[in-house]
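Participant: Work out the full structure: start from the sequences and follow the hints.
The chain contents come next:
Number of protein chains: 2
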Amino acid sequence: MAELTPHELIARHRPTLDQALEAIRTRAYWSPHPEHPKAYGENGSLSLPEGKAAFDAVLGTRLDLGQPGTDDWVGGEVSPYGVELGVTYPHADVETLLPAMKAGRRAWRDAGAETRAVVCLEILKRISDRTMEFAHAVMHTSGQAFMMAFQAGGPHAQDRGLEAVAYAYVEQVRTPDTAEWVKPQGKRDPLTMTKQFTPVPRGIALLIGCNTFPTWNGYPGMFASLATGNAVLVKPHPRAVLPLALTVQVAREVLAEAGFDPNLVALAAERPGEGIAKTLATRPEIRIIDYTGSTAFGDWLETNARQAQVYTEKAGVNTVLVESTDNYKGMLANLAFSLSLYSGQMCTTPQNLLIPRDGIRTDEGPRSYDEVVADLARAIDGLLGDDTRANALLGAIVNPDVKARLEAAAGLGEVALASREISNPEFPRAVVRTPVIVKLDGAKPDDEAAYMSECFGPVSFAVAVDSASDAVELLRRTVREKGAMTVGAYTTDPEVEDAVREVCLEEAAQLSFNLTGGVYVNQTAAFSDFHGSGGNPAANAALTDGAFVASRFRVVEVREDA
Amino acid sequence: MAELTPHELIARHRPTLDQALEAIRTRAYWSPHPEHPKAYGENGSLSLPEGKAAFDAVLGTRLDLGQPGTDDWVGGEVSPYGVELGVTYPHADVETLLPAMKAGRRAWRDAGAETRAVVCLEILKRISDRTMEFAHAVMHTSGQAFMMAFQAGGPHAQDRGLEAVAYAYVEQVRTPDTAEWVKPQGKRDPLTMTKQFTPVPRGIALLIGCNTFPTWNGYPGMFASLATGNAVLVKPHPRAVLPLALTVQVAREVLAEAGFDPNLVALAAERPGEGIAKTLATRPEIRIIDYTGSTAFGDWLETNARQAQVYTEKAGVNTVLVESTDNYKGMLANLAFSLSLYSGQMCTTPQNLLIPRDGIRTDEGPRSYDEVVADLARAIDGLLGDDTRANALLGAIVNPDVKARLEAAAGLGEVALASREISNPEFPRAVVRTPVIVKLDGAKPDDEAAYMSECFGPVSFAVAVDSASDAVELLRRTVREKGAMTVGAYTTDPEVEDAVREVCLEEAAQLSFNLTGGVYVNQTAAFSDFHGSGGNPAANAALTDGAFVASRFRVVEVREDA
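Taken in order, these protein sequences are the chains called A and B.
In the working numbering, each residue carries its 1-based index in the first sequence increased by 31.
In the working numbering, each residue carries its 1-based index in the second sequence increased by 31.
Keep in mind that the hints were calculated from the coordinates and are not lab data.
Don't take each hint at face value.
As the list claims (entries may be wrong) - Computed footprint of chain A on chain B, listed as stretches where at least three residues anywhere in the stretch have a Cβ under 8 Å from a Cβ of chain A:
(1) 328-340
(2) 540-546
(3) 552-564
(4) 576-587
To be verified - Covered stretches of chain A (in silico footprint by chain B; criterion: 3 or more residues with CB under 8 Å from a CB of chain B, positions within the stretch not fixed):
(5) 171-177
(6) 203-211
(7) 331-341
(8) 490-496
(9) 531-541
(10) 545-554
(11) 562-575
Just so you know, even glycine gets a beta-carbon here, dropped at the ideal spot from N, CA and C.
Facilitator: This is the structure we're talking about:
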């Protein structure tokens with residue numbers, strides 16, 4: 032006997048689902064997940080200290096998820112802040128686990144779209160209640176500073192998961208469960224048929240998680256697949272297992288309580304160097320893959336995992352075009368924040384700042400290329416001048432590769448802003464660095480090799496261009512050849528604005544104009560902003576649109592004469 | 032100055048679009064395209080004689096579509112009824128044509144979803160007015176008998192095109208054009224943004240047409256791509272150019288009158304043996320491909336045309352499970368018609384009839400395996416006993432390969448019904464054949480090689496199976512390994528019914544139960560029935576669902592501080 036009946040779950044969550052459905056239709060602001068720490072600690076949610084205590088309690092333990100086919104226990108995460116997590120996770124014998132994940136599929140399919148949606152919402156609700164625990168888990172795997180780990184890894188990730196559930200639900204119910212079909216035949220009796228339509232899952236979905244945003248980038252695919260009736264195997268990044276392992280734990284718990292097979296969601300942790308993503312991705316049982324990470328492996332998946340629908344978010348080269356502004360200070364402050372947040376370790380962080388070599392017009396008068404770059408460097412210095420604030424914004428460098436790229440960047444050109452080392456008194460082993468800005472010449476082939484490659488981390492290039500139209504053409508080429516998750520532009524010239532917009536429409540890049548306030552080019556809000564477009568090389572999918580969910584299930588029709 | 036304004040087209044077609052949107056939501060019967068010949072000849076549409084005259088007038092002519100980059104004129108269609116069409120078509124220099132097809136894309140994109148939809152509806156309306164001309168063009172390329180060429184190639188194809196437009200429209204307007212986003216910030220001023228959302232096309236879509244249903248299988252992809260803002264290059268099957276060439280002609284005419292670039296739709300006819308589909312399919316400009324045809328080339332496209340979204344309808348092995356019936360005569364009549372229609376040259380025609388070797392229960396008492404097969408053979412003989420009726424049902428064998436397969440089939444096992452040659456007094460050169468039924472044993476490996484391969488044409492296998500559950504397992508294996516466009520089942524046993532339904536839900540096959548009246552397993556109605564599921568090897572797409580349209584465009588967001 033299930034402890035949670037569909038009826039009860041529908042009563043509990045249908046209003047939230049309806050609000051989400053309305054939000055994706057209007058794309059106005061909405062979120063049911065509070066982003067202020069003070070909102071937590073009531074109504075069953077953990078407070079900040081309780082979340083910390085829960086996180087501390089899991090350190091050094093074996094996280095037994097009760098999965099079948101567990102043949103070993105694996106772990107080894109070390110926080111970018113220097114803490115060894117010491118958590119071990121089930122290592123799966125896939126020959127046992129994958130068949131077990133199929134056992135519950137019929138009941139999950141037959142439950143229907145609405146019940147699946149509210150079960151997903153119950154999972155998200157329980158994750159929300161443990162937000163403060165997840166915040167620490169995300170912080171100590173991604174290296175994000177606490178506030179960001181809390182917001183992006185908690186409420187914002189939950190929003191993206193809920194958004195995917197809403198899209199999945201509406202896509203499944205656009206075809207009715209049944210239809211009576213009556214076709215007139217002139218004077219003869221009409222032809223009449225009874226038709227039943229059932230959304231059926233593809234099979235098992237594989238989520239391949241990333242290091243930097245394990246929950247934010249993981250939840251859309253995971254919940255879209257689960258809500259459309261698929262089982263989901265979660266393969267976390269080896270350095271960011273805990274947030275997704277806790278997610279799997281919650282999902283299994285809710286599924287069981289609701290009377291479904293908990294093996295509909297399972298974890299696939301791996302031994303160091305095991306590289307199980309490739310093995311799993313080409314298994315015939317795996318029919319859907321969601322992946323966030325390097326272009327090389329994303330391309331490999333798209334080429335080799337031909338039995339599956341593959342949704343990838345890979346790397347791009349993000350551009351901000353700086354042509355003119357009527358709010359110079361606001362522009363500098365906004366850009367300084369965008370470049371500093373999480374040490375530029377976001378797939379949405381701008382890399383190339385295209386600035387005319389003859390300078391720009393501003394509300395404070397003309398500024399030369401050198402002045403703009405110097406003023407931006409000064410703005411970043413100011414923003415990060417206080418170490419406490421710097422630590423709270425930058426977080427930690429996520430891995431040695433990023434650090435190496437940062438150090439190498441200084442050799443690529445004239446350094447306009449040198450990266451500084453910041454000490455973190457609470458976590459002395461954390462590697463904390465401020466961004467570097469390197470001046471490059473858009474017309475020099477040697478420089479082009481640098482600015483036309485993704486340099487993930489706190490590295491920006493101030494690229495001198497001949498003119499606004501030169502910048503627009505470089506923008507077009509960059510998006511077309513390298514892809515882009517984001518494009519920003521500062522201009523007061525309607526012609527430049529039109530030209531940039533047209534490039535972004537033609538090359539399918541998401542564009543932010545003249546951001547000078549509290550919204551940053553590297554941030555997107557669920558239910559309103561699309562993350563990626565799916566139309567340029569940076570990603571083949573957008574979070575979240577109809578295309579992200581429509582191919583995760585098929586509709587089977589059963590018809591008979593009425 | 033456009034002769035047809037968006038305003039005028041919206042006034043003319045919005046009511047039809049609204050009805051189509053309602054029909055795909057309820058999936059009740061609906062069609063705006065009459066399927067009785069008498070309905071034609073009024074309100075600007077060609078009557079049957081006028082259609083024949085129009086078809087005759089085009090024979091032996093050069094069909095000049097006014098396309099850029101025409102470097103030659105090619106043709107050579109010979110009707111399966113023996114008539115040489117003698118029509119020549121523009122052969123394109125793709126280095127000129129493809130760039131020209133891009134010139135109009137911005138205006139087409141900026142026109143928006145509603146204007147694109149009503150332009151598509153105007154194209155369909157003009158095709159509908161010429162239905163009787165298209166009927167002859169389809170008949171003399173596919174070999175369908177006239178009534179079928181008229182219905183399937185005319186109103187039913189137009190229905191499928193309209194259905195695709197409706198899906199494309201609703202998919203694009205689910206995101207609003209603009210949104211005002213206001214995020215509360217406690218005591219501070221809220222964050223406010225203005226956001227614009229624009230559906231943008233992928234690029235140029237390639238439609239690779241088929242021989243047997245050039246319009247019916249071609250219109251969904253063509254109209255889905257055009258309605259979502261893409262240009263469409265139509266590459267017809269070399270033996271079925273005329274129906275799609277006339278379609279392109281109408282589309283170019285309407286686009287021009289509505290003030291758009293006619294090169295948004297173009298024809299790519301080819302020289303004999305040129306094989307331009309492969310060349311076109313891997314061009315970087317081609318971002319969408321729709322294909323109906325052999326599994327081999329469908330698989331090639333899915334593997335090699337990696338730069339494009341590829342929608343394929345390939346081959347499968349369709350099964351009808353015969354376990355028991357309460358209407359034996361109705362079952363036999365229904366099956367006899369399904370096997371005879373268009374000489375079994377439909378991707379939906381049943382191939383394997385699974386019959387328990389111990390016989391079946393019927394309302395007329397038990398029938399042995401041999402009796403069922405003999406009774407079915409007799410039903411087909413009765414249906415096709417009169418040559419006039421036989422010609423009207425069978426049409427002509429579309430090509431020598433089908434004839435060769437039919438002739439070889441008799442050697443595969445005991446022939447329960449021999450194929451007969453029928454003479455066609457009107458077209459003495461037509462190759463007209465009745466279906467063959469061959470008895471096979473489901474348990475014999477040699478027989479399995481035959482029934483587990485697609486044998487396209489008027490060939491059915493009466494496969495003796497050990498039991499109903501044996502049949503269900505063979506059905507499962509057939510769908511999983513070979514794919515199926517359709518599955519039929521006759522049973523009065525609820526347990527067998529459940530087992531068959533479960534197999535079809537698990538393997539994603541479209542299922543018809545106990546058809547004994549005027550609906551046949553090989554026919555699907557637009558707006559109500561899905562054609563294919565996209566979830567088994569026979570096709571990676573269904574006509575038509577959200578997945579068929581959602582990836583043909585992307586949504587680009589442009590946001591700025593409000």
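Participant: Does each hint hold? Answer for all of them.
Facilitator: Hint check results:
1. 328-340: With 3 residues closer than 8 Å to chain A, the segment 328-340 of chain B meets the three-residue bar; holds.
2. 540-546: Holds, because 7 residues of the segment 540-546 of chain B bring their Cβ atoms closer than 8 Å to Cβ atoms of chain A.
3. 552-564: holds (count 5)
4. 576-587: holds (count 8)
5. 171-177: violated (count 0)
6. 203-211: holds (count 5)
7. 331-341: holds (count 3)
8. 490-496: violated (count 0)
9. 531-541: Check passed, 8 qualifying residues.
10. 545-554: That given contact holds, which follows from 6 residues of the segment 545-554 of chain A lying within Cβ reach (below 8 Å) of chain B.
11. 562-575: holds (count 4)
Checked against the numbered hints above, the structure breaks hints 5 and 8 and satisfies the rest.
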